[in-house]
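Going down the list, the sequences are from chains A and B.
Numbered continuously in my numbering, the first sequence closes out at residue 162.
Numbered continuously in my numbering, the second sequence closes out at residue 162.
Hints may be right or wrong, so weigh each one.
When chains are identical, the list treats them as one kind, so a pair holds in a single copy or across two.
[Stated by the list, open to error] Keeping only pairs whose Cα atoms sit at most 16 Å apart, straight-line, the calculated EDC-like set for lysine to aspartate or glutamate is:
hint : residue 1 : residue 2
1    : K94       : E82
2    : K124      : E31
3    : K22       : D88
4    : K22       : E35
5    : K124      : E82
6    : K94       : E9
7    : K124      : E4
8    : K94       : D73
9    : K5        : E91
10   : K5        : E45
11   : K124      : E27
12   : K94       : E135
13   : K22       : E135
14   : K94       : E28
15   : K124      : E110
16   : K22       : E45
17   : K94       : E31
Simulated from the structure, these hints should not be mistaken for lab results.
There are 2 protein chains.
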Amino acid sequence: MSAEKLSFEDFEPGRRFLLGPKLVLAEEIIEFASEFDPQPMHLDEAAGRASILGGLAASGWHTSAMLMRMMADSYVLNALCEGAPGIDLMEWRKPVLAGDTLQGHSSVLEARPMRSRQGMGIVKFRHAVENQRGELICLSENSIMIRMRPQQDTSMSSELPA
Amino acid sequence: MSAEKLSFEDFEPGRRFLLGPKLVLAEEIIEFASEFDPQPMHLDEAAGRASILGGLAASGWHTSAMLMRMMADSYVLNALCEGAPGIDLMEWRKPVLAGDTLQGHSSVLEARPMRSRQGMGIVKFRHAVENQRGELICLSENSIMIRMRPQQDTSMSSELPA
Numbered sequence: 001m002s003a004e005k006l007s008f009e010d011f012e013p014g015r016r017f018l019l020g021p022k023l024v025l026a027e028e029i030i031e032f033a034s035e036f037d038p039q040p041m042h043l044d045e046a047a048g049r050a051s052i053l054g055g056l057a058a059s060g061w062h063t064s065a066m067l068m069r070m071m072a073d074s075y076v077l078n079a080l081c082e083g084a085p086g087i088d089l090m091e092w093r094k095p096v097l098a099g100d101t102l103q104g105h106s107s108v109l110e111a112r113p114m115r116s117r118q119g120m121g122i123v124k125f126r127h128a129v130e131n132q133r134g135e136l137i138c139l140s141e142n143s144i145m146i147r148m149r150p151q152q153d154t155s156m157s158s159e160l161p162a
Numbered sequence: 001m002s003a004e005k006l007s008f009e010d011f012e013p014g015r016r017f018l019l020g021p022k023l024v025l026a027e028e029i030i031e032f033a034s035e036f037d038p039q040p041m042h043l044d045e046a047a048g049r050a051s052i053l054g055g056l057a058a059s060g061w062h063t064s065a066m067l068m069r070m071m072a073d074s075y076v077l078n079a080l081c082e083g084a085p086g087i088d089l090m091e092w093r094k095p096v097l098a099g100d101t102l103q104g105h106s107s108v109l110e111a112r113p114m115r116s117r118q119g120m121g122i123v124k125f126r127h128a129v130e131n132q133r134g135e136l137i138c139l140s141e142n143s144i145m146i147r148m149r150p151q152q153d154t155s156m157s158s159e160l161p162a
């Protein structure tokens, strides 16, 4: 099972993959923000408390990146993925604060062969991530290009002679 | 001018802000990918060349984070921004490869007062980023919550007595 990666055919609509759990540390929030989103509420506990976010809060772009890492650990690294054309939906519903634990799931919404690339399909996922209080913090949809099972595998899988 | 930050009122539809330039280093691509998107084409030059991306390529989530940093340096850190509810559109049009230089602009699409938050408006931007060959590598839209100019400023600005 670990020898053979998931292919396009394995991503049937309705299939779900668990995401996380991921504990979000204050240092991680500050490190990401320092490089990519140095707004005060993402860098400093007091500034975060004074903001509408209510505490040291992860940049939404950091939350998105953490979602990607949870996807990678759950199924992307175990599948014949060839990248993604973008993000269709990304809603940061509630602040992600230092000390929060994130978990959720990705669900396959649809899967179709690509016309422009032979042997490849595109799979659209919905990702939902909650915090430790069960509050939805992030809702997202995006599509990933995934290779189909090599044709030779199909012919080899007919174990019984006619 | 540097003393007073941009407020909601300054983001009129059609106003444009320059983004970048930002040189993308191989080490940055690998560092981001190691933490958030450890797929082979984002970690290794040879694996990138063997992929449909054609070289060591930044994760799309990294490109998105670099866009945020360019926005921060261009106008977000100089405005009364209060965060964003998410991303409305994010298209990764072409690979971002090690050594590429990114630049582009954000344009204000629309600006409206928020009903749910007194004294705050929401500004929708379109972001377009190109590489050094003028190829569009990223097209995005998202909205940012921005505070209105404090009311006292308005009354103080009536310089002439009646």
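Q | Status of E9 relative to K94 across identical chains (alpha carbons, at most 16 Å) | A | neither (35 Å within a copy, 26 Å between copies)
Q.
When Cα atoms must be at most 16 Å apart, do K22 and E35 count as within-copy, between-copy, both, or neither?
A. Between copies only: 13 Å across chains, 21 Å inside a chain, cut-off 16 Å.
**Q.** Status of E82 relative to K124 across identical chains (alpha carbons, at most 16 Å)
**A.** Classified as within: same-chain Cα gap 14 Å, cross-chain 31 Å, threshold 16 Å.
Q: Could you figure out if K94 and D73 sit no more than 16 Å apart (CA to CA) within one copy, between two copies, both or neither?
A: So K94 and D73 fail the 16 Å test inside a copy (24 Å) and across (25 Å) alike.
Q: Can you give me the call for K124 and E4, within, between, both or neither, at a CA distance of at most 16 Å?
A: Classified as neither: same-chain Cα gap 22 Å, cross-chain 45 Å, threshold 16 Å.
Q) How do K94 and E28 come out at 16 Å by Cα distance, when the copy is not named: within, between, both, or neither? A) For K94 and E28, neither the intra-copy (18 Å) nor the inter-copy (29 Å) Cα distance is at most 16 Å.
Q. When no copy is named, should K94 and E31 be tagged within, between, both, or neither for a Cα gap of at most 16 Å?
A. Intra 21 Å, inter 28 Å, cutoff 16 Å: neither.
**Q.** Up to 16 Å CA-CA - E135 versus K22, copy category
**A.** Within. Shortest intra-copy distance 15 Å satisfies the 16 Å Cα cut-off; inter-copy 37 Å does not.
Q. Is it within, between, both, or neither for K94 and E135, if the alpha carbons may be no more than 16 Å apart?
A. Within one copy only: 8 Å inside a chain, 35 Å across chains, cut-off 16 Å.
Q: Could you place K5 and E45 in one of the four classes (within, between, both, neither) given a Cα distance threshold of 16 Å?
A: neither (43 Å within a copy, 22 Å between copies)
Q | Homomeric proximity label, K22 with D88: Cα distance no greater than 16 Å | A | The answer is neither: 23 Å in one copy and 25 Å across copies each exceed 16 Å.
Q | Within, between, both or neither, where K124 and E110 count as close if Cα-Cα is 16 Å or less | A | Only inside one copy: K124 and E110 sit 5 Å apart there, 29 Å across copies, limit 16 Å.
Of the hints listed earlier, those the structure fails to meet are numbers 2, 3, 6, 7, 8, 9, 10, 11, 14, 16 and 17, in rising order.
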